[in-house]
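2 protein chains.
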Amino acid sequence: MTRKRPSSNRPFILVSNDDGIDSPGILALARSLARIGEVVVVAPSTQQSAVGHAITVQVPLRTHRFYRNGKMFGWAVDGTPADCVKLAVLSLLDRKPDLVVSGINHGMNTAINIIYSGTVSAATEGSILGIPSIAVSLATHDTTADLGTAALFARKLAREVLRRGLPPGTLLNVNIPNVPRGEIAGVKVTEQGRSWWDDGFERRIDPQGREYYWLVGTYKRDQNRNCDDYALRKNFISITPLHYRLTDSGLLREMNDWNVERLW
Amino acid sequence: MTRKRPSSNRPFILVSNDDGIDSPGILALARSLARIGEVVVVAPSTQQSAVGHAITVQVPLRTHRFYRNGKMFGWAVDGTPADCVKLAVLSLLDRKPDLVVSGINHGMNTAINIIYSGTVSAATEGSILGIPSIAVSLATHDTTADLGTAALFARKLAREVLRRGLPPGTLLNVNIPNVPRGEIAGVKVTEQGRSWWDDGFERRIDPQGREYYWLVGTYKRDQNRNCDDYALRKNFISITPLHYRLTDSGLLREMNDWNVERLW
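Chains A and R supply the protein sequences, listed in that same order. Here the first sequence stands for residues 7 to 270, numbered as in my numbering. Here the second sequence stands for residues 7 to 270, numbered as in my numbering.
Certain hints may be false.
[Said to hold, decoys possible] Anything over 12 Å on all C-beta distances counts as not near chain A; from chain R, calculated:
no.: 1; residue: T52
no.: 2; residue: Y73
no.: 3; residue: F79
no.: 4; residue: G136
no.: 5; residue: Q229
[Unchecked claim] Straight-line Cα separation of at most 25 Å, PhoX-like style, residue types lysine-lysine; simulated pairs:
no.: 6; chain 1: R; residue 1: K102; chain 2: A; residue 2: K226
no.: 7; chain 1: A; residue 1: K240; chain 2: A; residue 2: K226
no.: 8; chain 1: A; residue 1: K240; chain 2: A; residue 2: K194
no.: 9; chain 1: R; residue 1: K226; chain 2: R; residue 2: K240
no.: 10; chain 1: R; residue 1: K194; chain 2: R; residue 2: K162
no.: 11; chain 1: R; residue 1: K226; chain 2: A; residue 2: K102
In short, the hints are calculated from the structure, not lab data. Note that this is a predicted model, so its numbers are computed, not measured. Using N, Cα and C, we set each Cβ at its ideal position, and we do this for glycine too.
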């Protein structure tokens with residue numbers, strides 16, 4: 007395999023996603039970022055929505071070159087978004103990227119959705135590997151939606167992050183409202199919302215008489231003005247800084263009174 | 007499908023895992039918890055290691071009854087650990103469980119491993135659904151290891167959590183050292199460690215001349231005395247309280263100086 011080597015001293019940017027390497031979102035993102043850096047695309051060969059932070063450990067990973075219009079566009083990996091970033095950084099690429107950008111996802115990744123998101127997971131893996139990382143999502147599942155605003159803003163923010171860096175173990179989760187460019191109200195730094203899914207399962211019977219279940223749900227939006235979902239609803243671009251230090255310090259303090267020693 | 011109905015007023019406990027419904031770990035856990043409550047098992051039909059917080063949205067879920075020694079042991083779900091808990095709570099069970107316990111996993115789930123862990127993910131889904139939840143892992147991949155200590159401690163902690171409850175959106179992540187019962191040093195409430203994987207990929211060529219990659223890595227342990235990995239190494243049972251509020255407040259404050267408005 008020929009290894010990807012950056013051909014200049016421009017910033018070296020790894021682009022991935024969870025919608026798959028053939029999605030319109032990753033094409034718009036790669037094209038936009040190519041204006042400010044050397045872009046390499048390493049992305050799942052197939053759609054990987056809601057994979058969370060899965061990695062492949064039971065089977066080996068395979069890669070193949072993915073072409074668009076007869077030109078190599080990137081590496082397709084038979085794996086998850088986190089696999090793609092891990093494999094790119096630790097094996098496929100000759101040097102460490104200066105930035106990881108994941109997206110452009112079709113569908114917002116706000117509030118509780120963040121922990122199910124493959125798009126965010128690719129950026130999380132970047133941050134785990136010590137690389138400033140950004141996840142970019144457009145708030146619509148319409149795959150014919152205009153990606154221009156998202157691609158443009160991703161580039162502006164990428165330039166800013168390349169200049170400033172990010173603290174270790176953090177990443178930026180960006181959500182773009184699906185409205186015409188002129189209707190974007192601005193940009194807000196937000197908190198992860200506490201919106202939640204009022205979920206259920208629809209039980210159906212297949213032609214052979216066997217049951218199966220579809221997940222169905224209604225999204226209950228957090229009305230807090232500082233949160234990601236509120237910003238989106240008001241047509242603001244939302245940037246949420248995230249980390250993966252999961253210790254609940256409040257409960258940890260409280261548990262000092264539990265006398266856990268006594269449990270053994 | 008007949009729905010599972012608790013036959014008494016004892017605590018109603020949902021048990022799941024990521025190693026699959028046929029694993030020795032879930033059997034030991036279910037048997038131990040059956041001494042303090044009504045247990046129902048809903049678990050993946052196959053091994054789901056390192057699936058992170060994946061859920062199934064592209065295809066429907068299927069369930070089937072899983073038997074041990076001619077008796078129904080639980081429901082097997084063709085899905086992830088998070089799917090199992092979601093489906094159990096929202097559809098299979100007639101009432102909300104009082105507690106979700108996931109495990110006993112073969113292999114520790116500490117530090118960075120937490121975000122890849124299917125075992126933790128099942129408990130996370132329980133906490134998302136408003137149910138006190140516990141993940142239990144034994145620090146060995148040896149599937150013939152003695153599960154007695156882990157099963158006993160899981161029961162003791164389950165009883166305590168049933169009595170005290172847990173704050174909304176939190177869960178307890180428990181790791182048990184793989185040593186004889188007499189060598190357990192005690193129990194510690196810990197922080198998620200900052201241990202990390204020095205990972206790489208081993209590139210191989212298959213008999214058809216095509217490349218494939220295996221993930222390989224060395225675990226670099228956090229030496230902080232308050233962390234999960236340190237407790238385990240000193241033969242303490244480790245309990246880490248976790249949450250999924252991922253906003254990085256430090257970076258959020260810092261970003262107030264970025265003037266992000268200017269980026270649009």
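Tested hints:
At roughly 10 Å, the least C-beta separation between R/T52 and chain A is not larger than 12 Å, which violates its mark as non-interface. With a least CB separation of 18 Å from chain A, R/Y73 remains clear of the 12 Å interface cut-off, as annotated. Look at R/F79: its CB is around 19 Å from the nearest CB on chain A, clear of 12 Å, so calling it non-interface holds up. With a closest Cβ-Cβ approach of about 9 Å to chain A, R/G136 is found to fall inside the 12 Å limit, against its non-interface label.
The beta carbon of R/Q229 sits about 17 Å from the closest Cβ of chain A, which is more than 12 Å, so the claim that it is off the interface holds. The hinted pair formed by R/K102 and A/K226 meets the criterion: a straight-line CA distance of about 20 Å does not exceed 25 Å. Proposed proximity of A/K240 and A/K226 is supported: the alpha carbons are some 16 Å apart, at most 25 Å. The hinted pair formed by A/K240 and A/K194 meets the criterion: a straight-line CA distance of about 10 Å does not exceed 25 Å.
Between R/K226 and R/K240 the alpha-carbon distance is near 16 Å, which keeps this suggested pair within the 25 Å criterion. Distance restraint check for R/K194 and R/K162: the Cα-Cα separation of roughly 14 Å lies within the 25 Å cut-off, and the hinted pair is therefore satisfied. Annotation: proposed proximity of R/K226 to A/K102 holds, straight-line Cα distance about 20 Å (limit 25 Å).
Violated hints, listed in ascending order, are 1 and 4; each of the other numbered hints is respected by the structure.
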